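Chemist: Listed here are the chains, written in short residue letters.
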Amino acid sequence: MVEAMSARNARQALDGMPHRAGVLVVSVMLVLVLPMMTGGSTGGGLRAEDDHVVEPADGVRRGQVGNQVDLGVNFDANVFEQQGGWVLRGGVGGGRVRVTATGVEQITEAPTLERARAQAEARLARVDRLCGLTDAQRRALRLAIESDIRRLVERIDVQREKYLGVSVNMADPEGQKVWQKFQQDVQQCRRWLLELFDTGSLFSAVLGSTLDADQTARLEAESRARRTFRWRTLVESVLVKLDDAIGLSAEQHASLEAMLLAHEPPLRIEGIPRQANAHAEQMLVYLTLSRVDQKALQATVSPRQWKTLAMFVNQGKAMQSWLEQQNLLEPQQSNR
Amino acid sequence: MAERMRQHRRQRGRPLVRAVASLFGAALFIGTVAGPPRELAAQVPAPVVPAPAVELQLDILQRALGQGLEALFTPEAARRKAQGDAAAAKAQGDAQAAQQKQQMRQIEQMLQPAVRTELEIIRQACGDLPSAVRMKLREAARQAAAQVAQEWVGRQGQRTGGTFDARALLHQRIAAAVEAAVEPEAVAAYHRESAAREMRREEAARIRIVAKVDEHLDLTAAQREAILADLRQRWQASWIRELFDNGGVVVNGQRPAPDYAAACITPHLDPKQQEAWAAWARAASGSQVNIAQGMRFDGQGLQQDDEWWKR
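As given, the protein sequences belong to chains A and B, one line each in that order. Mapping of the first sequence onto the numbering used here: position 170 corresponds to residue 170, and the numbering continues sequentially without gaps. Mapping of the second sequence onto the numbering used here: position 129 corresponds to residue 465, and the numbering continues sequentially without gaps.
In short, the hints are calculated from the structure, not lab data. You can take every hint at face value.
Okay, the calculated beta carbon distance ranges per label pair:
| no. | chain 1 | residue 1 | chain 2 | residue 2 | range |
| --- | --- | --- | --- | --- | --- |
| 1 | B | 433 | A | 315 | 36 to 42 Å |
| 2 | A | 134 | B | 535 | 45 to 51 Å |
| 3 | B | 569 | A | 315 | 36 to 42 Å |
| 4 | A | 204 | B | 624 | 39 to 45 Å |
20 Å max Cα-Cα, derived EDC-like pairs, lysine to aspartate or glutamate:
| no. | chain 1 | residue 1 | chain 2 | residue 2 |
| --- | --- | --- | --- | --- |
| 5 | A | 307 | B | 634 |
| 6 | A | 241 | B | 501 |
| 7 | A | 162 | A | 70 |
| 8 | B | 608 | A | 128 |
On a predicted model such as this, the values are computed, not experimentally measured, just so you know. For every residue, glycine included, the Cβ atom is placed at its ideal position computed from N, Cα and C.
Produce the entire structure from the sequences given, and follow the hints as far as they go.
Modeler: Here it is as structure tokens:
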């Protein structure tokens, strides 16, 4: 504070002074002020009388806390926050606490998954729009949705319980092992979230048994059309980039487009992340190009273009295992 | 020569010596006038100096200080300062120019894959070209890359807004060279390809608009086709911006709604979708975000030179 005032006074004093005289004055003042700023030999630093300095207590210095990770507190953040849009209310690490007579305790209730219900309602609405559900069918499907959500919550709770109060030291190999197991469990929970109403869910089972043949046919046709349109979007988008990169003629573009559309992968159409993953989509198209007849593919482009195209195709192939983790494809297919 | 240098050194040192000497003299005066430090004042009796003598000493002090400062600001010193400033400014300008030149070379290098792609497009569309024409076009492509690199560097650090599409600029310049150097039939073929490429880009942008709406509002197949048809019918060039939305832009937690094309979308939505659309457009209006703004160049292109152009 004192130094700040000195500097301000010095600046005011300098206003209107010729440049070189100003430099002289500042130099002299620096000589006087610098020892005060650095605290001289006492090591006191920049402190005024009214400064309130809080020194960390022994044993809780930042460096030591930095290696310790509380897995229970981090569990929900790891599972939900990276899922894109899943809303977490309450739960361990969710921030909600209960104030009691003896202090503050964290609420360990199961998290409410708003997104799960919203997603289910959207899916139900689409089915209803396409198939014209009866009240009984709608009721049965809603019950199935609730059961699936409860089952998910219970499964995640079981995983979370394992880490309540568990703190690991990341500098310790044993701590790192526990952290790896924790990450595997987190991944598992994320998969459950993603596949909440997929094959194997009660919703899927009830849908299959409650719809009549006509309704099922309409639903399947719509799903197929949606998947095809999604694939077409990826193909056209990536072909624009490819066009920029290797300069396709209209004929070449048409050939590549036909090859790619004929090799439609089992794209996920439900519960896809709202945020586009352009890089993953591009790699998926290149991976698909690696699965078409390579001789025909090579014959489509010039030798100059092929050098670059082959490089892209290889990039796609190399990304296969990574792509399987990006949730672009239906789970059964991606696990193949 | 040695004598001149000595004289020069003497002249250069003189104002500073005078200034220091004057200030030193002033300090001596301060010592005699002001007397001992405050803590000793109680012990040491103050010197008895008559009032007119004090005034005289102060006057001498004032003059000495004035001379000291004056010595620092002689016309000669000012001239040397100006010379020094000019030299520093020139050195700074030279360094900047060298840096810009270096940047231009780097960008020109970075543009080479795109230049090769442009040449490939010409080769594919125009077929066999005479050697002289090939040389002309190759040189035109080289110049185009240099010009675009120069514009690129010129734009850096400027808040000019708008879009800088390096690939489009390259294409424009090279296309002009094709028009000037190539036979009319070949030029027509080249333009046909360029037009087809532009149409493909537009169709891709339309499909992306529909896909985005579909992801948000769960359209039926019939709705998707109806919106796509409407977009084709009332297409506007600026809507190509949808090609540049790679998911990186998020407004209020959502991707920008393509509300600039609302007239082609909303008539095909059911009442519930209309509501959801209105909320989406309110929260994340795509009209308010120019996704295409800024420098646009992904660096992709053909990796190796085509020897055909050198023959």
